[in-house]
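> Chains as they are written, first to last, in the working numbering: chain L, 2 to 173; chain X, 70 to 215.
Because the hints were derived from the structure by calculation, they are not lab data.
Check before you lean on any hint, since a few could be wrong.
EDC-like cross-link-like pairs, simulated, lysine to aspartate or glutamate; straight-line CA separation at most 20 Å [unchecked claim]:
| no. | chain 1 | residue 1 | chain 2 | residue 2 |
| --- | --- | --- | --- | --- |
| 1 | L | K88 | X | D170 |
| 2 | L | K89 | X | D206 |
| 3 | L | K140 | X | D170 |
Given next are the chains, with one letter for each unit.
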Amino acid sequence: MNGANILFYLLAAMILGSGLLAVTTRQLFRAAIYLLFSLIGMAGMYFWLQYEFIAAVQVVVYVGGITVLIIFSIFLTQQAGEKMLVKKTGQQIFAAIAAFCGFALVMVQIVQNNFTATKNLSLSPSVTNIGNQMLGVDKGGYALPFEVVSILLLAALIGSIVIALRTPTQTS
Amino acid sequence: MQKDGLEAIIMEICNPIIYHFLRSLKNNSQTITIFELQALFLRHFKKMPSQYYLFLSLALFCIGVMGVLMRRNAIIILMCIELMLNAVNLLLVTFSKMYNDPNAQLFVFFIMVVAAAEVSIGLAIIVMMYRKVHSIDVHILNRLKN
């Protein structure tokens with residue numbers, strides 16, 4: 002075991018441990034904080050895989066945006082220190098068994114398949130290549146999905162404004 | 070070339086980040102090029118088999134599925150969906166690294182945009198629902214059933 006493996010195992014333990022704590026803890030705010038640590042560990046894994054721009058976007062969008070949004074909505078919907086209701090034990094056991102069966106099924110497929118990595122060094126994941134490919138209109142370009150995604154963001158913006166603007170007299 | 074002596078040992082024993090840090094500390098003219106450094110990273114990536122990254126991604130996805138099936142709180146369910154989307158992102162990045170294909174990382178950005186839009190709209194709907202029924206329990210929100 003060299004230093005590379007040790008770093009991978011540390012990051013994997015951080016991601017999986019805080020992810021597992023996020024779905025099993027009884028307090029909602031602690032779940033959000035555990036989710037934050039899991040997302041930070043994922044950004045570290047992207048750094049480790051040398052995808053620096055994806056790691057930066059991960060930190061900005063997930064850690065800086067989505068987690069703060071989740072914490073805001075927790076404060077808007079939750080009384081302080083209130084424990085959450087849980088499902089019945091039979092349903093919890095069934096959920097764990099179902100997730101584990103899916104895990105085992107795909108795991109067997111991954112172990113049996115041998116992936117052969119390609120040797121050649123093609124395009125490096127630099128920001129220039131990402132921008133050229135994302136706005137390219139020729140073969141291999143992603144200009145049309147880029148525009149569709151921008152329309153989706155506009156729709157989400159308008160939708161959240163419409164939801165938030167509804168006055169109490171209209172809702173009741 | 071001094072690269073065969075002590076630096077080779079450092080290259081083999083320490084991890085590449087420490088090696089890169091040492092090189093940037095020395096900052097001399099005959100520093101190794103970025104392509105050699107990338108080849109070094111690729112060799113270390115090959116030492117860590119890419120199946121392990123797939124195992125990690127799969128385990129994180131199953132944790133998310135378990136959370137969606139197990140919990141009753143709507144915000145926790147949205148958080149588990151975020152975990153699952155992150156697992157898919159890690160899977161795409163791993164395959165992009167394994168096959169040297171830059172197309173996969175663009176899908177990662179699209180997935181991030183869709184996830185951000187989805188979670189903002191979802192949380193807005195949850196907050197509005199809490200104002201009406203004073204609960205975010207998904208077992209109470211079943212009025213469409215009958």
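> Give a verdict on every hint.
Structure-based check of all given hints:
Distance hint between K88(L) and D170(X) is unfulfilled; the C-alpha atoms sit about 44 Å from each other, more than 20 Å. With a C-alpha separation of about 14 Å, the suggested pairing of K89(L) with D206(X) holds against the 20 Å cut-off. A hinted pair counts as satisfied when its Cα atoms are at most 20 Å apart, and K140(L) with D170(X) qualifies at roughly 15 Å.
Hint 1 from the earlier list is the only one contradicted by this structure; the remaining hints agree with it.
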